[in-house]
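K.L.:
Next come the chains, spelled out residue by residue.
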Amino acid sequence: MARFQDLKDAIGENIEDGFTVAFEGFTNLIPYAAAHEIIRQGVTDLHLIRMTPDLIYDQLIGMGRVRKMTFSYAGNPGVGLLRRMRDAVENGWPRPLELEEHSHSAMAQAYEAGAAGLPCAIFRGYKGADLPKVNPGIKFITCPFSGETLAAVPSLTPNLTIIHAQKANRKGDVLVEGILGVQKEAALAAKCVVVTVEEIVDSFSGVHPNACILPAWTIQSISVVPGGAHPSYAHGYYDRDNAAYLEWERISSDRAVFLSWMEENVLNADPNCFDLRVERMRRSAA
Amino acid sequence: MARFQDLKDAIGENIEDGFTVAFEGFTNLIPYAAAHEIIRQGVTDLHLIRMTPDLIYDQLIGMGRVRKMTFSYAGNPGVGLLRRMRDAVENGWPRPLELEEHSHSAMAQAYEAGAAGLPCAIFRGYKGADLPKVNPGIKFITCPFSGETLAAVPSLTPNLTIIHAQKANRKGDVLVEGILGVQKEAALAAKCVVVTVEEIVDSFSGVHPNACILPAWTIQSISVVPGGAHPSYAHGYYDRDNAAYLEWERISSDRAVFLSWMEENVLNADPNCFDLRVERMRRSAA
Amino acid sequence: MAFTSEEMMTIAAARALKNDDVVFVGIGAPSAACNLARMTHAPGLTLIYESGTIGTAPTVLPLSIGDGELTDTALTTVSVPEMFRYWLQGGRISVGFLGAAQIDRFGNINTTVIGDYHRPDVRLPGGGGAPEIATSCHQTFVMMKQSRRGLVEKVDFVTSFGHGDGGDARQNAGIATKGPTLLITDLAIWKPDSKSKEFIVSAIHPGVGAEQIQESCGWPVRYAENVATTEPPSQEELLVLRDLNARTKAARERPLAMKMARRASTAG
Amino acid sequence: MAFTSEEMMTIAAARALKNDDVVFVGIGAPSAACNLARMTHAPGLTLIYESGTIGTAPTVLPLSIGDGELTDTALTTVSVPEMFRYWLQGGRISVGFLGAAQIDRFGNINTTVIGDYHRPDVRLPGGGGAPEIATSCHQTFVMMKQSRRGLVEKVDFVTSFGHGDGGDARQNAGIATKGPTLLITDLAIWKPDSKSKEFIVSAIHPGVGAEQIQESCGWPVRYAENVATTEPPSQEELLVLRDLNARTKAARERPLAMKMARRASTAG
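Residue numbers (numbering that gives the first Met the number 0), protein chains in the order written: chain H, 0 to 285; chain G, 0 to 285; chain E, 0 to 267; chain R, 0 to 267.
I should point out that these hints are in silico values taken from the structure, not numbers from a laboratory.
Don't take each hint at face value.
Said to hold, decoys possible - Cross-link-like lysine to any residue pairs, in silico, SDA-like; alpha carbons within 20 Å at most:
#: 1; chain 1: R; residue 1: K248; chain 2: H; residue 2: A284
#: 2; chain 1: H; residue 1: K170; chain 2: E; residue 2: A41
#: 3; chain 1: R; residue 1: K248; chain 2: H; residue 2: V78
#: 4; chain 1: G; residue 1: K132; chain 2: E; residue 2: V121
#: 5; chain 1: R; residue 1: K144; chain 2: R; residue 2: A209
So that you can see chain H by itself, here it is in the shape it has in the complex (with noise of 0.2 Å):
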């Protein structure tokens, strides 16, 4: 049942060192103040998963906290590649970055076939490609039926999934709305969810009978954290600060020049910081 805590005490009473951890989002909404909160408390040797890692990953992976990363698109969307990931893969640098990788359709069904409580997904998939020689995690199987062969995944189950959210209710059940991306399945897919949220309302009387939401008793811990989707955004809140993916681009080109902004805006960054990063967009828009 969930438990309103703030940030900190969320991030530090549900992960471990060496935990499979999903944080995800689609564009919309993704966690950054979660992910910069898991960064000032040191945890590392994270098994990360997510479709599009993005540069929430770059950050994690550039500061040495992550073991392994299981995705499926590891760029920056619109603007090129991600250059702390690439740095880890190619060069080891902070520490190599073991890869396992998919197809987004794999990773969608995989995250579907967890909350379904499923051990599998299979779905028509990876016909003529390489990624089955390389990824030892999926496999073929004949429909008993038409005799097809088709892709098999292993269903991705989480010890962690963080997701950001709109609102909240007082009794902890959570609200998300524009693009659903994969967050409902990979918080029902995982042992232990936390959320952070934008607002907490006092019902949601008035939303749509069909939806998303999860209810409170699927959730460990929801924290208030306005602005904590940026730069990302928070459809019916804050645009996507595409300024700032733009940029990220030269940040983390550089290996000092990477540290020492990770050093200013996340390590030495006050928790509540996002929302006056969202209010300084909203003022120079005005």
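Since chain H is already given, all that's left is putting chains G, E and R on it; use the hints.
P.N.:
Chains G, E and R only, in chain H's frame:
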């Protein structure tokens, strides 16, 4: 691409004797008006698919239009048995009925697999149950990762799926709200989709971004039939006519009573009678 | 206060539910029991109906599994494939309720056919959600009135697996959940023997005699070492249940009055 | 009007789309081409982004696959598992767009690594949706600028299957869809030979010479029997494309101005 047609043409042009047809709608939005039109047009030898056959299939079966039925729960919900269906199974009246029987979980996941373009669904089901002994369409596979035995059923891919929905917009996109059942899956799993709706609206602007909407290009034909789900209900428009469901117990208990009821209320009924039936309920409730 | 055996059955089932349970509710007696629990000692109880409604709190009992009242009061309503995949199969339901046309001493249930499957004497509705409710919920409670036709030596068809032929049958079938842990009838409360898994009487409802239990049971009844008498319904339990039933009856007699008013306010 | 080779590429790709196509759009050049088509000759074109947005009509080009603008203008937004299961794997997409770091003459694409997979010279982003876009869409269009590093004799890694080693390779691999039917570069339009499935030049963009095409291609270029010259961009095409790009640039320079205004109106 969806065409707007009157119900007579929508049915006449899209169904043939011998078709495999799914009428879906889970308590909410059961497409009675379309079923009655099919009865009037004399279509026969159908293979019907539906999780909960309900009165709609009792009527089609009792009129001798059904060769085979794939289902998972054949009852008058909260009232009792489907007496016309029982008469066909136990006594072959008015003709024998072939049954293909599943559990809800199997059928829901088989529709889902059909929508997902897969030849089969795998799921954790039927453990210890007798149904696999009498339904050769249930097989088992071994998970290539965990070694667990999982049930497999062929996906459901009807020739035609018929649903009732609240609204279409002028482009022919269709909105479903409330209890969604398996309508989206049954529609996307079918080769052809016919939809009856309560009304046409100019646009869906203002509707929730994650509402259940079938794009016009997934649908063949749309007919405006207000009240077309009576005696089931249309969330937001009118309520379930529980009295009619209770009354069906009496009507369906006797072959002659059933036939004369069908004569009066279906064969000789005006296709537009559904709106009047709902209006009558409305007045009597006022 | 005087009470009927059916009231006793419903109240005994309601008492077995805890505040933090997540219940897969069936229509009829289970629906009354679950809503009674929610309206009395377990206000936090989460009710899930297989129609996809999660966290419902109806003021009257639905006639079917998917009445509009369920969506109107639900936290959210999901599709039926999602209900069976993420919520039931996903192992998120703590208690599933099952009814039965026939049940045997090991909690195996038949709701499919009386007689041979292919040439049935009576064709029953079939399994619906039951085959997987029986194996995916952490545990299941069965509610039914006792009769020789219902409590039988051997079910004609295993619609839903209970404890098979007893003992470790569930583990041997690859099932990790507890299965039937409670059989609540109009006469008694039965629990499985810890080893054999045979249902034995653990409590007898007030005013019921042992011969009545045996007469309405198709196998030789066994009793727990210390058979209790079921606590009679409290005044609160009876009043809340009777209110609920009265509201339900009134709503079914004029099913549209209140709903049409609602429509006018939203679609006007 | 004068035009750049990139404009020609985008416009040529836009022209290949029909009004009733359902397109799985990629970010960058495909997004510009698809929106240009929608704003000119194909107003009924359905755009789907893998973020789950169906039927989008953005006024500016999204930087990422899931910008808010896409949801705001979409008919509906579904979850990503649903997008890949019901919409892509379900066979509902008529045209999928793919980009490539490397492509070979048979349309096999690499966006994974340069060099050895386990010890790469360059680690590229990986496949994303591409492996299944390549096999589930009815056909795929590839857009890329020509270079010797891009159009190669043999790709280092087959991220997405095209026509394998040519001929019936797709059927032999159990794939029922057409695969790459069009390669649109900054210099030419290429189509697969009907038998060998090797990409051959079917039209050359205005002002481009054959030597330029060969210099920027790692395999010996072959030409169709009747090579056409691509129709130069019309004034309408150029104006609409440049307007779109200008709006996009302005929006990225002040990404929040208009959105914050929107927020104020809904959350005020």
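K.L.:
Indicate, hint by hint, whether the structure satisfies it.
P.N.:
Right, here's what the structure says about each hint:
| no. | hint | verdict |
| --- | --- | --- |
| 1 | R/K248 to H/A284 | holds (15 Å) |
| 2 | H/K170 to E/A41 | holds (15 Å) |
| 3 | R/K248 to H/V78 | holds (14 Å) |
| 4 | G/K132 to E/V121 | holds (19 Å) |
| 5 | R/K144 to R/A209 | holds (15 Å) |
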